[in-house]
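As a plain string of letters, each chain reads:
Protein chains: 2
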Amino acid sequence: MPIIISDPEDQRIEPYRAVRERDLVGRQHRFIAEGEVVLRVLLKQPRFEVESLLLAENRIGSLSDALENLPPDVPVYTASRQVMDAIVGFPIHRGILAVARRAPLPPVEGFLAMLPQEALIVGLVGLANHDNVGGIFRNAAAFGAQGVLLDPESCDPLYRKAIRVSVGGALVVPFTRAASADAMVQALQAASFDILALSPSGREVLSQVRPTRRMALLLGAEGPGLPAELLTRTRTVSIPMSSGFDSLNVATTSGIALHHLTSGGP
Amino acid sequence: MPIIISDPEDQRIEPYRAVRERDLVGRQHRFIAEGEVVLRVLLKQPRFEVESLLLAENRIGSLSDALENLPPDVPVYTASRQVMDAIVGFPIHRGILAVARRAPLPPVEGFLAMLPQEALIVGLVGLANHDNVGGIFRNAAAFGAQGVLLDPESCDPLYRKAIRVSVGGALVVPFTRAASADAMVQALQAASFDILALSPSGREVLSQVRPTRRMALLLGAEGPGLPAELLTRTRTVSIPMSSGFDSLNVATTSGIALHHLTSGGP
Numbered sequence: 001m002p003i004i005i006s007d008p009e010d011q012r013i014e015p016y017r018a019v020r021e022r023d024l025v026g027r028q029h030r031f032i033a034e035g036e037v038v039l040r041v042l043l044k045q046p047r048f049e050v051e052s053l054l055l056a057e058n059r060i061g062s063l064s065d066a067l068e069n070l071p072p073d074v075p076v077y078t079a080s081r082q083v084m085d086a087i088v089g090f091p092i093h094r095g096i097l098a099v100a101r102r103a104p105l106p107p108v109e110g111f112l113a114m115l116p117q118e119a120l121i122v123g124l125v126g127l128a129n130h131d132n133v134g135g136i137f138r139n140a141a142a143f144g145a146q147g148v149l150l151d152p153e154s155c156d157p158l159y160r161k162a163i164r165v166s167v168g169g170a171l172v173v174p175f176t177r178a179a180s181a182d183a184m185v186q187a188l189q190a191a192s193f194d195i196l197a198l199s200p201s202g203r204e205v206l207s208q209v210r211p212t213r214r215m216a217l218l219l220g221a222e223g224p225g226l227p228a229e230l231l232t233r234t235r236t237v238s239i240p241m242s243s244g245f246d247s248l249n250v251a252t253t254s255g256i257a258l259h260h261l262t263s264g265g266p
Numbered sequence: 267m268p269i270i271i272s273d274p275e276d277q278r279i280e281p282y283r284a285v286r287e288r289d290l291v292g293r294q295h296r297f298i299a300e301g302e303v304v305l306r307v308l309l310k311q312p313r314f315e316v317e318s319l320l321l322a323e324n325r326i327g328s329l330s331d332a333l334e335n336l337p338p339d340v341p342v343y344t345a346s347r348q349v350m351d352a353i354v355g356f357p358i359h360r361g362i363l364a365v366a367r368r369a370p371l372p373p374v375e376g377f378l379a380m381l382p383q384e385a386l387i388v389g390l391v392g393l394a395n396h397d398n399v400g401g402i403f404r405n406a407a408a409f410g411a412q413g414v415l416l417d418p419e420s421c422d423p424l425y426r427k428a429i430r431v432s433v434g435g436a437l438v439v440p441f442t443r444a445a446s447a448d449a450m451v452q453a454l455q456a457a458s459f460d461i462l463a464l465s466p467s468g469r470e471v472l473s474q475v476r477p478t479r480r481m482a483l484l485l486g487a488e489g490p491g492l493p494a495e496l497l498t499r500t501r502t503v504s505i506p507m508s509s510g511f512d513s514l515n516v517a518t519t520s521g522i523a524l525h526h527l528t529s530g531g532p
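The listed protein sequences correspond, in order, to chains A and B. With our numbering applied, the first sequence covers 1 to 266. With our numbering applied, the second sequence covers 267 to 532.
Heads up, a few of these hints could be off.
[To be verified] Reference listing, derived: stretches of chain A covered by chain B, where coverage requires no fewer than 3 residues with Cβ under 8 Å from a Cβ of chain B:
#1 63 to 77
#2 238 to 245
#3 249 to 260
[Said to hold, decoys possible] Listed below are several chain A residues computed to face chain B (Cβ distance under 10 Å; list not exhaustive):
#4 V41
#5 N139
#6 A145
#7 G202
#8 L206
Since the hints were derived computationally from the structure, they do not count as laboratory data. All residues carry an ideal CB built from backbone N, CA and C; glycine is no exception.
Isolated chain A (complex conformation) (with noise of 0.2 Å):
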């Protein structure tokens, strides 16, 4: 049975108060997952831990099909919009909110370690932007890749927004850190991954590459790209554009890149 939560003040739905802000500070493994979509994939993944969920009255109903096979001492929370609303901080249209947690992030060599001898990866460097990482992890659970690095400087694939529009593949993707873009290539290379780095300077057009069976596909930002020292160290490969306009989206080159590799190849 729902509890319903009639006092914004309440301290029971502590970790909604201000969502906003809080996407921004530490969060010791926690994180927002919103709207039905989102949820819905959330409560299939059995690697995250589902604390809580804060439902707006009316969306008890269409969610109650999912709620069923929920563990009985997860709190569903209920509200009116207003108390919602005041919750959180912002009009949140959606009427759908959950905590969740995740397990600490495993060291890359023994992620790279658990994945299939056939596998395609994704590596992000210095990728901060949260629509960006977002619609990477989209692509990324699309496509089927196996996995997805971060370096230090890109985002949490976790945050509220990433996870939105990632359309819920941040939940689906398993990812990890790496120390740096240099000790994810060493990792990847020990691991014998097929290191395919994008670059409007590559070496090789797309078009022409032929998949191999463990491949780790690399971007960098719209701008910087990916660190030159990195670039002299793996395959690199462009994607030909038409003159006087070469810029492409780095989610859709992960999209365009990630179609190429998984379709058969040239």
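Since the structure of chain A is already known, use the hints to place chain B on it.
Only chain B this time, still in chain A's reference frame:
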């Protein structure tokens, strides 16, 4: 010489007033371009008439080379950051705005008649989201598409935000609007275009499609997709995805398809 504006109520900068609200109303073929990258693209496009510029004081220097080529009768207004924010109604971080005008949109038949024999164009049906339309124009420009057709439900590519997301691509790729999705398909058929309608239920797989000389790529909104009636009259094409997560952003989808069709096919 720039004209200094010190009063936010100055009548000369009327078109810049309350930019955000203006975006949503009829604009008599006028549009607002924002930021240095977009402005530089705009100034290179002879098909738009630039009416004036409004620049933050500290941005004049970095633009001096671009301003040299501006026709002498185009006024360049400059203001302090504070006055500029007061004029437009929100903090305008980039400090660069232009008002320009486009010609009336030509009929679809005339638009298609102007295209070269080898052509790749994009047709949008029901794409009301500015980010998606902007992202599609960015990809269309990057992969050298010759044009974009819009149905009446698709948003104006010259909305400020759509131009910005397109990184100027909306100013590069010519477009026009069809009276209906149906009229769009009829005109494309009459002009001997091979119409590829992207749909999860597509009968062909994208990676197996061989490019032809005249191709039109039709895209519908995420969720509803293209109208079923339209799919019966076109070649339908799908992008295979991971089972359980078959969800791609429509702008990313356009990038994947345009890359495939311009990189030589299977």
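Hint-by-hint comparison with the structure:
1. Judged by the Cβ-Cβ criterion of 8 Å, the region 63 to 77 of chain A is not covered by chain B as claimed, because only 0 of its residues qualify and three are needed.
2. Check on the region 238 to 245 of chain A: 5 of its residues sit with their Cβ under 8 Å from a Cβ of chain B, so the three-residue criterion for coverage holds.
3. Counting residues of the region 249 to 260 of chain A whose CB lies closer than 8 Å to any CB of chain B gives 8, so the stated coverage by that chain holds, three being the minimum.
4. Among the interface hints, the one on V41 (chain A) holds; its C-beta lies about 8 Å from the nearest C-beta in chain B, closer than the 10 Å criterion.
5. For N139 (chain A), the suggested interface contact is upheld, since its CB lies about 6 Å from the closest CB of chain B, less than 10 Å.
6. Taking 10 Å as the C-beta cut-off, the interface hint given for A145 (chain A) holds, the closest approach to chain B being about 9 Å.
7. Nearest Cβ of chain B to the Cβ of G202 (chain A): about 14 Å, over the 10 Å cut. The hint is violated.
8. Restraint check, L206 (chain A) versus chain B: the minimum CB separation of about 7 Å is within 10 Å; hint holds.
Hint check: violations occur at hints 1, 7; the rest are consistent with the structure.
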